[in-house]
Amino acid sequence: MRVNWRRRELHVKIVYYGPPMAGKTTNLEQLQRMIAPQHRSELLSLDTEGDRTLFFDLMQVSLGKVGGLAPRISLYTVPGQVRYQHLRSMVLRGADGVVFVADSDANRLEENRALWQQMLRHLASHGLQDIPIVVQANKRDLPNALALDELREALHLPEEIPMFPAQASRGLGVRETFMAIVRFVLLQPSSKLTASPSSR
Amino acid sequence: MKKKQLSPPELQRVLRDVAHELNARILLVAGSEGQVLLYEGMETPKTMDLLAALSAAGMSALQEIILAAFRSARRDADNLLILEVPQGVILISSQPPYLFMAVISDKTRLGLARMLLRRLSQEYDWSQILIQEEAGPSPFASRSHPQAEGQGEDLFAELWSN
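For the protein sequence lines, the chains are A and B, in the order given. With the working numbering applied, the first sequence covers 1 to 200. With the working numbering applied, the second sequence covers 1001 to 1162.
Hints are computed from structural coordinates only; laboratory data are not their basis. Glycine included, C-beta positions come from ideal geometry on N, C-alpha and C. Take these hints with a grain of salt, some might be off.
Claimed, not checked - Cross-link-like lysine-lysine pairs, in silico, DSBU-like; alpha carbons within 35 angstroms at most: (1) 1004(B) - 1046(B); (2) 1046(B) - 65(A); (3) 1004(B) - 65(A); (4) 65(A) - 1107(B).
Unchecked claim - The following residues of chain B were derived to be distant from chain A, with all beta-carbon distances above 12 angstroms: (5) 1023; (6) 1025; (7) 1036; (8) 1046; (9) 1070; (10) 1077; (11) 1078; (12) 1082; (13) 1086; (14) 1088; (15) 1107; (16) 1114; (17) 1122.
Chain A extracted, bound-state conformation:
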């Protein structure tokens, strides 16, 4: 987290990470719909022709002032396709928290696992291995959706990482996931401010 004293803002960067088509962009689209326009920017999407995220999506959310500072949350998604792993790593730089959007489809378990492991490696390479992580198990409406426990076990999730069931296409679980990661980042006693862009 960083404070921009000139703008009296506390800057927080949260990245939605996960396999392709798991629903990362859908989460941001639903948040755009749910959040009052005066508290958010437009959703900036850089898409390919096939509507898949090319660079990232970005939306900013302003929360109520606390302690004289206005928290300004930048929400990013990363491109899910395998070939964009350097871009994913770039977007993760400077993150204060991550939402891992997992696809509940039993057939996509390996993809979830691969992206989860890759995310942990990227975070470690940026010195971010201790930042808050929240997992969203999306597409709970699928007939072959894995049970939450199975997904948790497959990803070897530690108990302290919360998991939220969701059906992002209908907006279900989107708000809860967002509020959890924001609380996790802003309110945890170990949250630290950083002084230099290079230090994260």
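With chain A held as given, fit chain B onto it using these hints.
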């Protein structure tokens, strides 16, 4: 070279002077990952945030090209991206951990712009903009578990449209 430690208003003045010298419509300083530190220009803060994020993405794409073309290239090297458009010239200069972005007139000499942007990075410590108690807790930190029901509800007051 030891960087000058200036206060935020002094850094703002430095940026204003350089923007004036370059006849720049926009001049902004961001972290390498695209978060705005300081800017000069007529645009709104939200526009500046978008410009900084897009500049970081553009620079990242450029670095991928460089890495693909030159085996010896380093990811953290200084790079300069120049975009000539009908309305003027956009310069994006990556000098980790900072990113500088300027929108200048096509009458401004590119060599001068390049030199001044490099000087901004080499001479000044822009982290002063973000200075705070490095070891201190988040100003919002509570002693309760962060996910406890009801914690931090005031953060989300009036956020939702329904």
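| Outside-interface status for residue 1122(B) - nearest CB in chain A farther than 12 angstroms | About 15 angstroms separates residue 1122(B) from the closest Cβ of chain A, which puts it past 12 angstroms; holds.
| request: Please settle this one: residue 1114(B) was flagged as non-interface, so is its CB more than 12 angstroms from every CB on chain A? | output: holds, 22 angstroms
| Distal placement of residue 1023(B) relative to chain A, Cβ over 12 angstroms | Holds, because the least Cβ-Cβ distance between residue 1023(B) and chain A comes to about 23 angstroms, which exceeds 12 angstroms.
| field | Least C-beta distance from residue 1036(B) to chain A larger than 12 angstroms | value | At roughly 8 angstroms from the nearest Cβ of chain A, residue 1036(B) sits no farther out than 12 angstroms, so the non-interface label is violated.
| field | Check on residue 1046(B) being off the interface with chain A, judged by Cβ distance over 12 angstroms | value | Non-interface label fails for residue 1046(B): nearest chain A Cβ at 5 angstroms, not farther than 12 angstroms.
| said: Run the distance test for residue 1004(B) versus residue 65(A): straight-line Cα separation, threshold 35 angstroms. | reply: holds, 32 angstroms
| said: The output says residue 1078(B) does not contact chain A. Does that hold with a beta carbon cutoff of 12 angstroms? | reply: Correct as stated: the minimum Cβ-Cβ distance to chain A is 14 angstroms, above 12 angstroms.
| When you look at the beta carbon of residue 1107(B), is every beta carbon of chain A farther off than 12 angstroms? | holds, 30 angstroms
| Does residue 1025(B) sit more than 12 angstroms from chain A, CB to CB? | With a cut-off of 12 angstroms, residue 1025(B) remains clear of chain A, as the shortest Cβ separation is near 20 angstroms.
| said: Against the 35 angstroms threshold, does the CA-CA distance of residue 65(A) and residue 1107(B) hold or violate the hint? | reply: Violated. Residue 65(A) to residue 1107(B) sits at ~43 angstroms, over the 35 angstroms cutoff.
| Beyond 12 angstroms from each Cβ of chain A, as asserted for residue 1086(B) | It holds; residue 1086(B) is separated from chain A by about 22 angstroms at its closest Cβ, greater than 12 angstroms.
| field | Minimum Cβ distance from residue 1070(B) to chain A greater than 12 angstroms, as the annotation requires | value | holds, 15 angstroms
Checked against the numbered hints above, the structure violates hints 4, 7, 8; every other hint is satisfied.
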